[in-house]
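Novice: One letter stands for each residue in the lines below.
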Amino acid sequence: MPIPTPAKIGETESEGLPIDAKTLAEICVGDISLAEKLLEKFVSQIQEDLRLIDSALGIRDAAQASKISHSLRSAAAVLAVREVQRIAESLEHAAREDRLDQAACCFDQLKDAAARCLAFLPIVRRELTTCADRDAKNNKDRA
Amino acid sequence: MKVMVVDANEICRAVMCTALSQAGFEVIEVGDGETARDLLRDGLARMVVTGWEMSGLTGPDLCRFLRTADLPQYIYVILVTSHASPHDRVAGLAAGADDFVTKPFNPAELIERVHAGERILALETRDVAIFAMAKLAESRDPETGAHLERTQAYTRVLAQELSGSEKFHRIIDSEFIRLIYLTSPLHDIGKVGIPDAVLLKPDRLSDREFAIMKTHARIGADTLDAALRKYPDAKFLQMARDIAASHHERWNGSGYPAGLHGHEIPLSGRIMALADVYDALTSKRVYKAAFDHDIATSMIVKESGSHFDPDVVHAFLRRESQFIEIRNRYADGNAMAA
Chain A
1157 MPIPTPAKIG ETESEGLPID AKTLAEICVG DISLAEKLLE KFVSQIQEDL
1207 RLIDSALGIR DAAQASKISH SLRSAAAVLA VREVQRIAES LEHAAREDRL
1257 DQAACCFDQL KDAAARCLAF LPIVRRELTT CADRDAKNNK DRA
Chain F
196 MKVMVVDANE ICRAVMCTAL SQAGFEVIEV GDGETARDLL RDGLARMVVT
246 GWEMSGLTGP DLCRFLRTAD LPQYIYVILV TSHASPHDRV AGLAAGADDF
296 VTKPFNPAEL IERVHAGERI LALETRDVAI FAMAKLAESR DPETGAHLER
346 TQAYTRVLAQ ELSGSEKFHR IIDSEFIRLI YLTSPLHDIG KVGIPDAVLL
396 KPDRLSDREF AIMKTHARIG ADTLDAALRK YPDAKFLQMA RDIAASHHER
446 WNGSGYPAGL HGHEIPLSGR IMALADVYDA LTSKRVYKAA FDHDIATSMI
496 VKESGSHFDP DVVHAFLRRE SQFIEIRNRY ADGNAMAA
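Read top to bottom, the protein sequences are chains A and F.
With our numbering applied, the first sequence corresponds to residues 1157 to 1299, in that order.
With our numbering applied, the second sequence corresponds to residues 196 to 533, in that order.
Some hints here could point you the wrong way.
What the hints assert, rightly or not - Label pairs and their computed distance ranges (CB to CB):
#1 A/1258 - F/264: 37 to 45 Å
#2 A/1257 - F/264: 29 to 37 Å
#3 A/1199 - F/226: 19 to 27 Å
#4 F/361 - A/1210: 46 to 54 Å
#5 A/1193 - F/361: 35 to 43 Å
#6 F/229 - A/1216: 25 to 33 Å
#7 F/238 - A/1199: 50 to 58 Å
#8 A/1199 - F/314: 33 to 41 Å
#9 F/196 - A/1193: 42 to 50 Å
#10 F/229 - A/1265: 44 to 52 Å
#11 F/362 - A/1257: 29 to 37 Å
Derived by calculation from the structure, the hints in this document are not laboratory data.
Ideal placement from N, C-alpha and C gives every residue a C-beta, glycine not left out.
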């Protein structure tokens, strides 16, 4: 799958990609090993946060659900994982306003978006490697 | 330059720290607001990039602390947030943030905003120059010791207290507090124009000599007015001028040089008047011993509504303990250690 070139960081959602490798590489200032490390952390966080949100909604703890959603939104925003960011934001607002039925709907969407992210990881890793190889080649050509 | 990055989220911290490290900044990574507050209180960094949401002390809470604490230098704060609404921005700025970066952010933008902050901080050298100028004026009056440091601290405490009251909270904002702290050392700048025979006279001044001494308020105001004409938008010059011109005015109109009454006297001058007198009363002079705090307080209270603005006296009474603490911290002969 070709990776589109975004006009700006974070403007990749319209392309339908759960995670954009090129943007991620830019965010990490070209440090591919950092990008891979952050992906690992993001995967851990998203799984843990889904678990925490699920249990918060289970006991109708809107404040906790809102807080965890905010944290996930924040991490997703930094890594330009826009779909997760957008849904986590909706969940955060719904929970903050104590609209727990809507928060539960958002949570279902969030689980789907997270699953799409996780399934997309091998492609992102491959693209990150391609980015790294291309950078190395450019550096070699310049030298 | 050292930049402190504060965020509860490890991913956010890692991205910001990497970008700033690669740009050549020395980065201090902190995961919560409380630790950041303690390290900043110790003067560990002058530039802070902080997230908004943190359990405990939030980014805006940290800003509020930095703007009200008695810190030796200005700390520049950039809030990095996914709170991007105008309402949130207003809340962040009101808390004392200097700049915003919205997530997702471009690392290059973050770096440039930190560079912009560096330029702002460099302006603080202006503040140092102002203090040096005031010290030069004070050097002609060697009895006064750490008078400038103490009165600077007293004025800030009074302004902070007044800012919390219904009557003054719209007038005294964080900028007013910063400016009064910055410019109060210039209150006696006009003394450079007083002849040595009067300024340094160890005995009581004659009426004629006292009349000459009193001209220092006008001389100081005229000097700063000349600078104001060249830089009319410089708020610090305006406040410095008001303080120099009016810190010997009295609430009942019996002061000098203009005999202004009540609210005709600029608020900064009314605050300075109390700070200056309290320091004079509690400091030793050739012609008198230092009064203790309680005596000085009773003298000031007695003059409430005649010499001093009653609101400023009330503020003083609510912050007495801080006055005592400042007096001890900047006791003459102890100024360098403070």
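Novice: Each hint should be assessed against the structure and marked as holding or not.
Specialist: To see whether the hints hold, each was checked on the structure:
1. A/1258 - F/264: 37 to 45 Å: holds (41 Å)
2. A/1257 - F/264: 29 to 37 Å: violated (45 Å)
3. A/1199 - F/226: 19 to 27 Å: Given range 19 to 27 Å: holds, Cβ gap about 20 Å.
4. F/361 - A/1210: 46 to 54 Å: holds (47 Å)
5. A/1193 - F/361: 35 to 43 Å: violated (53 Å)
6. F/229 - A/1216: 25 to 33 Å: Given about 30 Å between the Cβ atoms, the range holds.
7. F/238 - A/1199: 50 to 58 Å: violated (39 Å)
8. A/1199 - F/314: 33 to 41 Å: Cβ of residue 1199 of chain A to Cβ of residue 314 of chain F: about 40 Å, so the range 33 to 41 Å holds.
9. F/196 - A/1193: 42 to 50 Å: violated (26 Å)
10. F/229 - A/1265: 44 to 52 Å: For residue 1265 of chain A against residue 229 of chain F, whose Cβ atoms are near 35 Å apart, the range 44 to 52 Å is violated.
11. F/362 - A/1257: 29 to 37 Å: The hinted range 29 to 37 Å is violated for residue 362 of chain F and residue 1257 of chain A, with Cβ atoms some 48 Å apart.
The structure fails hints 2, 5, 7, 9, 10 and 11 (numbered hints given earlier, in ascending order).
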